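Asks: Letter by letter, the chains look like this.
Protein chains: 4
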Amino acid sequence: MAKKKAAILGSSGMIGQRFAQMLIGHPYFEVVAYCASDRSDGKKLSEVWKLSDVEIDARLGEKAIQGTDASALARQGVEVVFSGLPSDVAGPVEDACAESGMAVFSNAASHRMEPDTPILVPEINPEHLASIEVQRKRRRNGGFVVTNANCSVTGLALGLKPLVDAYGFTEVDVATYQALSGAGYPGVPSLDIIGNVLPHIKDEEEKMAIEGKKILGTYASGGFVDSPVTIYASCARVNVMDGHLEAVFIRSKSIPTAEEISRTLSGFRAKPQKLKLPSAPERPVIVLKERNRPQPKLDSMAGTPERARGMAVTIGRIRAEKDCVRFYLLSHNTIRGGAGGSVLNAELAYKEGLI
Amino acid sequence: MAKKKAAILGSSGMIGQRFAQMLIGHPYFEVVAYCASDRSDGKKLSEVWKLSDVEIDARLGEKAIQGTDASALARQGVEVVFSGLPSDVAGPVEDACAESGMAVFSNAASHRMEPDTPILVPEINPEHLASIEVQRKRRRNGGFVVTNANCSVTGLALGLKPLVDAYGFTEVDVATYQALSGAGYPGVPSLDIIGNVLPHIKDEEEKMAIEGKKILGTYASGGFVDSPVTIYASCARVNVMDGHLEAVFIRSKSIPTAEEISRTLSGFRAKPQKLKLPSAPERPVIVLKERNRPQPKLDSMAGTPERARGMAVTIGRIRAEKDCVRFYLLSHNTIRGGAGGSVLNAELAYKEGLI
Amino acid sequence: MAKKKAAILGSSGMIGQRFAQMLIGHPYFEVVAYCASDRSDGKKLSEVWKLSDVEIDARLGEKAIQGTDASALARQGVEVVFSGLPSDVAGPVEDACAESGMAVFSNAASHRMEPDTPILVPEINPEHLASIEVQRKRRRNGGFVVTNANCSVTGLALGLKPLVDAYGFTEVDVATYQALSGAGYPGVPSLDIIGNVLPHIKDEEEKMAIEGKKILGTYASGGFVDSPVTIYASCARVNVMDGHLEAVFIRSKSIPTAEEISRTLSGFRAKPQKLKLPSAPERPVIVLKERNRPQPKLDSMAGTPERARGMAVTIGRIRAEKDCVRFYLLSHNTIRGGAGGSVLNAELAYKEGLI
Amino acid sequence: MAKKKAAILGSSGMIGQRFAQMLIGHPYFEVVAYCASDRSDGKKLSEVWKLSDVEIDARLGEKAIQGTDASALARQGVEVVFSGLPSDVAGPVEDACAESGMAVFSNAASHRMEPDTPILVPEINPEHLASIEVQRKRRRNGGFVVTNANCSVTGLALGLKPLVDAYGFTEVDVATYQALSGAGYPGVPSLDIIGNVLPHIKDEEEKMAIEGKKILGTYASGGFVDSPVTIYASCARVNVMDGHLEAVFIRSKSIPTAEEISRTLSGFRAKPQKLKLPSAPERPVIVLKERNRPQPKLDSMAGTPERARGMAVTIGRIRAEKDCVRFYLLSHNTIRGGAGGSVLNAELAYKEGLI
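Residue numbers (my numbering), protein chains in the order written: chain U, 1 to 355; chain Z, 356 to 710; chain S, 711 to 1065; chain W, 1066 to 1420.
So that you can see chain U by itself, here it is in the shape it has in the complex (with noise of 0.2 Å):
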């Protein structure tokens, strides 16, 4: 079957250039249009390469970059669009696709919490996916919008999601350890930063509350219904590049051992991995059985085959006690938390024959 042509916004920032990466050879999706604004309209994709743990690839780096137009998108026959803008323009111009009939996997804020657009994780909610029949009825020529979510609740809810489940756990108090890649490019200046901590990082921990009830939610009824799960956030950038940390505290009356715990989450599959989307990872939730993991340098990238890199959930130092559990969870930011994650939320809908 012929792939789909895919076009991809947001071409100079650093989400967008993970999803250029990512959808390299890609087994549906084929990406014909590199769009951003103004400014890099007629560049080279080399030329705004902001990704440093990858060399640019020798064919992606010729691409041009062109402007953002829907209507040109349009002509070009783009049928998927996945938008790596910032949430503060994203909105009106994700929009514009969707009303001319694409798909667009979108990993701005700006759609999340509209009431039949769903945050996928597609381990945690495929069936929110239902969300769109509704919103295709408001939209005009069949187009949608499917959103990811923010970079800190994804990897936290996917290593909920076996522990709710199992054990009916509801309350979840979390402090992270943010990478300088969530703040985008420029971001985080060198000054404040270097031999620091910041402790607040704007929205994220009302994000993170807000999301994590929809993503852990059910879709009944034509309607999305809030988990009873409250995720308490302290939301701090530290000095790593990629890789979100997280310090996981969940408080039940009764609690299973940590190896009970273990288990269920080693043991956790999911609907990717029994349709086997090309990026997701065999083990979801990977548990690493070292002292002093998981760590952001060694353990971001986690995740097999080559093409889930960064997708897997790593989590370590399961302690649970009296009436308290507590782990490390670290997950990808960019990917898994960004690019990664609407990528595979591309490859659900294709398989569930959406796009």
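Among these hints, one or two may not hold up.
Here are some chain Z residues pointing at chain U (derived, C-beta under 10 Å) [said to hold, decoys possible]:
#1 Leu484
#2 Ala485
#3 Val489
#4 Arg491
#5 Tyr522
#6 Val603
#7 Arg681
Dumping the calculated DSSO-like pairs for lysine-lysine here, alpha-carbon to alpha-carbon at most 30 Å [said to hold, decoys possible]:
#8 Lys753/S x Lys43/U
#9 Lys1032/S x Lys1278/W
#10 Lys202/U x Lys753/S
Worth flagging that the hints you see were computed from the coordinates, not collected in a lab. Computed from a predicted structure; not experimentally measured. Ideal Cβ placement from N, Cα and C applies to all residues, glycine included.
Chain U is fixed; fit chains Z, S and W onto it per the hints.
Replies: Then chains Z, S and W, alone, in the frame of chain U:
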């Protein structure tokens, strides 16, 4: 009144040098002996200086280091000993000094959990000094050992004390962002920590739980009684020089407002403040109103007057929601959580007539 | 004698705030106006404070920021202006102040290469102040502008001055390890510099060559005469907060011994030392004997007395072999190479009766 | 032809592990023994893994470490030894292997200056391999030792070789910005290097001078003849993980244009390229045109094909003015300047029929 002659053990290390720096011109104590292991014997203090945030005082730099020998110290007329020795060697040396009649104020963990030895934090448990009477009975010559607490629990306990007293909180979760100086020198290899977080510090979480119960507990009928407060900690090392930041979560059925908590913390004064001990900060807990504070680089040295710099705990971002109180807390790990803590302990003992 | 009323331009930036800090309690000058752009107008200095190595002085923090308006300053009786403005806006504003009769001491590059404006480094070229007489003729009301040099050439020129005078050196190669504060705020993005070195700083190498020739040159017959010294620089940014380190190579047919060079550098004293200017370091160049110094973290603040902290250049690892002299040189880029340089300039002008 | 059986010495260290990684699937050599000190004996390679920029290959991780014993290696049929031992222990162990008839390719300094042992850089001095014939005469069983050069001189010599050949340059000044991995593990304490530069690396400047003369020199009449090139180095450690950056200054009475230098460097090809050795980069020296390159984080891994990643030297910012040529040069210190260098040496010796 003549100053008491004092010695510093571990003068070639970071804590010993903080002692040296903090005791320059001290009104109660005069350091007459800077001790270290044989390797440093005979060197000048300037030759082994490790603190980089302060230039070594010119007179201090000229001081000669001597070997560590309790008998020699006794002959020099030393009455007070400040111990910055590593915990694995501190025990016997500190005992020898105490047996020689000296008052030992120790930063080491060796004696902390003994039933007649206080973990003293003067703002929290000055009444624990009564245990010295018991301890003196088993030691010759009237000497004794007083310890300070682990660097990550000291600041936390200071912030908890007024809240526990006012609201009866008992369930505390904390995730730490600990500074590199806490690991001593050479400590953490640069290859391990650059661009990384290390989510494990040996024995630290256990110490926070156990020492927390003793510090916040009472002393009654000749023995220590544990506090009902339980601290569940997840401890991580971050790329920061000085200053342990902590994300604190307190769960309680009924909680006050954030404003009330802020007032309770800001209004906290205790015995060291009443006695106007030289190293006591005017305000032991300082609440910062800015939304991105406290920060290790900006706030670790909080505390007035000059002699109390680094002795105040700063707290910010207080949030109270449903059954959870959250805030960030910061304290200087080698001053309030290290040498400064023991200096304040000695000042209290001095004022109480125990030296 | 009454202190001269002074204003600071650029008070919301790092250099402006160094001025503010260095002028507290100054014996010659009293700051009566803290100016910044309209965005900061009306805010307190504490609200826009950017320096993290010093806590803001309590009285200073309360000072209100006013807009930048030469006429208003004239009405306030301001006679001396310290400019920490960015070079791209400094020119017209400084001119307006000079035309209103004020003595402007500027850290900006705007006026440095004018034929009647000195790049003053009081230890090197105090006679360049004579150019002010020429400058005054074209300005109304007796005002004038005196500039300091680029932050990376100031320290180098100080170290070169006694050597050039003693040995006639003319060929200098230098590779710099420059601090992040030199790029101002927000400056270098953290994603660019963490675990990295940036081997380019815009226009810096050219400035070092051109300004070096002017600074080390003479003033004769009403004009500046370039020095024969040529500085070939390669400038890089490293992950350091404050303090520009430089690896210096001097090629010469005949070279003295390392010991002789060390004596020449250590013995250097000049006009500011003779006049005992308040911010003049007792020793402008300090030679360190330790084999791994100078280090930015340990030595950037070198200089006595207190008011001259950060004003001394440190040099170490002097080697002389065949036809090459090598050493490492360090100076504080925002003190000696920034605000402190201009304060010293103003002190010299004051003592010389020019203000 | 069957692959040669190989052993790695120092498998618990960073260089040993680079060897392990680079020799996976190598066409000439098959590693049959991973040796380390007794402390690691019996552990799996994954238990002592130290490289953080690459995930350990799954099969590699399972390999068991054995003690370091030349006789045992001989019994295992080992013909080729790659030594990543520290220089202070390498000498006797490498000798024992050579005396047992093995070809030893060493990263250690122990044998570098021996009169019959080459410091081989295949692009520069392949004819130095002739010294092996002399060396074999004094050793039993036909074994020999070939060394690679110090990590900071290897890359520099590669960049100098085509220029020295083309223009007869002899006077080279260089200031280094060296990565932390060059100090091994645990190496530099984090407290020393964070926010700092260390302007001294033990013996490094001397090695660069002495080894430079031998590498760039000739082999004639059974002996090494020093090159007239003199390298004056000032070596500093910066806060970078991998990749030594160097600011190079070449003084010469007559110099070519920057464009000509660029062409000479870009056009450089040598014996490894002609022989198509598996780890030889297609282009040993890559000239980057961007004005802020090379950067350690972006360019250390330069080199194609895949097996030659990290084997190419990158050079940027070439400037030629009057009598001075300046540029920045970067090479990967543990690949081209470490394990990769010795692998390439072994490949050359293999192709030349010496193994």
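Asks: Could you run down the list of hints and mark each one as holding or not?
Replies: So, going through the hints one by one against the coordinates:
1. Leu484: violated (32 Å)
2. Ala485: violated (31 Å)
3. Val489: violated (31 Å)
4. Arg491: Constraint on Arg491/Z not satisfied, violated at 37 Å.
5. Tyr522: violated (18 Å)
6. Val603: holds (8 Å)
7. Arg681: holds (5 Å)
8. Lys753/S x Lys43/U: violated (42 Å)
9. Lys1032/S x Lys1278/W: holds (16 Å)
10. Lys202/U x Lys753/S: Holds, at roughly 22 Å.
The structure fails to meet hints 1, 2, 3, 4, 5 and 8 from the earlier list, while all remaining hints are met.
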